[in-house]
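Enquirer: I would like the entire structure built from these sequences, with the hints used as guidance.
Just so you know, the sequences run in chain order A and B. Using numbering that gives the first Met the number 0, read the first sequence as starting at 0 and increasing by one per residue. Using numbering that gives the first Met the number 0, read the second sequence as starting at 0 and increasing by one per residue.
Since the hints were derived computationally from the structure, they do not count as laboratory data. A couple of the hints might just be wrong.
[Said to hold, decoys possible] With the Cβ distance kept under 7 Å, some of the chain B side facing chain A (calculated, not the full set):
1. Lys61
2. Arg74
3. Gly170
[To be verified] Sample of chain B residues with no beta-carbon within 10 Å of chain A, all distances over it, derived:
4. Ala3
5. His31
6. Gly51
7. Arg124
8. Gly140
9. Gly143
10. Gly186
A quick note: this is a predicted structure, and the numbers were derived from the prediction, not measured. Think of the CB as a built atom: it goes at the ideal place given N, C-alpha and C, for glycine as much as any other residue.
Protein chains: 2
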Amino acid sequence: MSMAEPIVLYTDLISPFGYLGAVGLGPIAEKHGRTIDWRPFLLGVTVMQVMGLPPVPETPLKGPYALADQPRCFRLMGLEHNPPPERAMQPLAPNRALAWLRERDPALAVRFGLAVGRAHWSEGRNMSTPQALAEVAEPLGIKGPELIAAVQEPEVKAKLKSHVDAAIARGVFGAPTFDVDGELFWGHDRLYMVERWLETGGW
Amino acid sequence: MSMAEPIVLYTDLISPFGYLGAVGLGPIAEKHGRTIDWRPFLLGVTVMQVMGLPPVPETPLKGPYALADQPRCFRLMGLEHNPPPERAMQPLAPNRALAWLRERDPALAVRFGLAVGRAHWSEGRNMSTPQALAEVAEPLGIKGPELIAAVQEPEVKAKLKSHVDAAIARGVFGAPTFDVDGELFWGHDRLYMVERWLETGGW
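Expert: Below you can see the structure in the form of structure tokens.
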């Protein structure tokens with residue numbers, strides 16, 4: 000008997016829409032007996048370096064749209080939208096921490112990713128630093144000092160870089176992107192297609 | 000008694016996703032007793048000039064994704080995906096024809112826009128020229144020679160330009176964009192939110 004493949008969730012922890020995608024994917028994956036394999040990547044590399052585009056917040060027309068879109072998408076999913084005053088999360092420490100945890104325990108990495116998103120986007124706690132991440136990690140049974148040390152380790156930095164390279168090779172550019180049995184869907188608003196794909200085996 | 004406002008559909012006829020948005024919006028609008036006000040704009044102006052971005056097909060990573068996404072989105076809506084070999088539609092004649100028809104009869108403009116999309120994206124008939132558009136228009140009771148003359152008239156050209164300016168002033172950048180009682184939603188994959196907004200009066 001073959002096990003169903005995990006649903007791969009490519010996301011960058013700095014993305015509020017990536018957080019919405021992770022929250023929404025949970026019950027869909029569970030309903031279909033799938034686990035989630037959360038693989039971090041860096042929007043700063045895919046969007047700015049590979050695609051050659053400015054960040055969305057600095058893009059005329061799209062920047063203001065995305066800013067207004069964010070709170071209503073949180074409300075629609077019943078989530079509080081309360082980012083820290085600075086809004087932006089610095090990407091390296093959070094995504095390295097996720098890459099580190101994923102090697103140890105993929106399910107724990109998913110719980111950590113969700114906890115980081117909730118803390119930053121709903122509880123207004125800026126998740127940019129190893130210290131802030133350690134505080135969120137402790138209640139999940141992750142030792143804070145270990146996390147703080149891990150995100151400075153060369154092999155963890157290299158692991159995140161290899162995730163970024165693999166995501167680009169797979170054709171991933173935006174957060175969240177879902178890989179369901181080899182089919183890519185970009186955007187938390189495509190979860191209805193992810194669900195349909197799982198229900199029908201593809202169309 | 001106040002009449003319910005029309006749902007404004009901002010789209011550029013060259014967009015296959017705009018066509019999907021128009022098709023999907025029809026039954027939603029009807030269910031909620033709303034008419035559709037189709038206002039043309041030009042992606043070449045919003046995306047390339049105002050946002051300063053390359054066209055999606057030429058954007059690394061996103062170009063290949065969008066190309067693969069197109070046929071599966073058509074299939075999901077039960078529509079044939081059979082564009083002409085050249086794929087691209089030239090924007091000026093189709094969008095001018097729509098701007099011209101909208102002045103005469105907004106409901107007819109919607110039927111025309113749907114017929115143009117069906118012909119180009121499902122029937123492989125390139126809709127770039129006034130002649131091709133006239134052939135699609137005739138069965139709708141629009142006189143072909145009148146359409147061919149109209150798209151050359153300075154006031155029709157100016158009308159399209161004013162639509163483009165108005166769309167940009169409204170914050171529209173991508174096709175399709177729906178304006179539901181003052182709330183903007185971008186993307187045919189956001190129709191589920193348009194429907195929810197109509198059902199709930201906003202959330």
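Enquirer: For every hint, state whether the structure bears it out.
Expert: Structure-based check of each hint:
1. Lys61: Holds: closest Cβ of chain A sits about 6 Å from B/Lys61, inside 7 Å.
2. Arg74: Interface hint status for B/Arg74: holds (5 Å vs cutoff 7 Å).
3. Gly170: Holds: closest Cβ of chain A sits about 6 Å from B/Gly170, inside 7 Å.
4. Ala3: holds (21 Å)
5. His31: holds (18 Å)
6. Gly51: violated (7 Å)
7. Arg124: holds (25 Å)
8. Gly140: holds (36 Å)
9. Gly143: holds (36 Å)
10. Gly186: The claim is violated: B/Gly186 sits with its nearest Cβ about 7 Å from chain A, within 10 Å.
Checked against the numbered hints above, the structure violates hints 6, 10; every other hint is satisfied.
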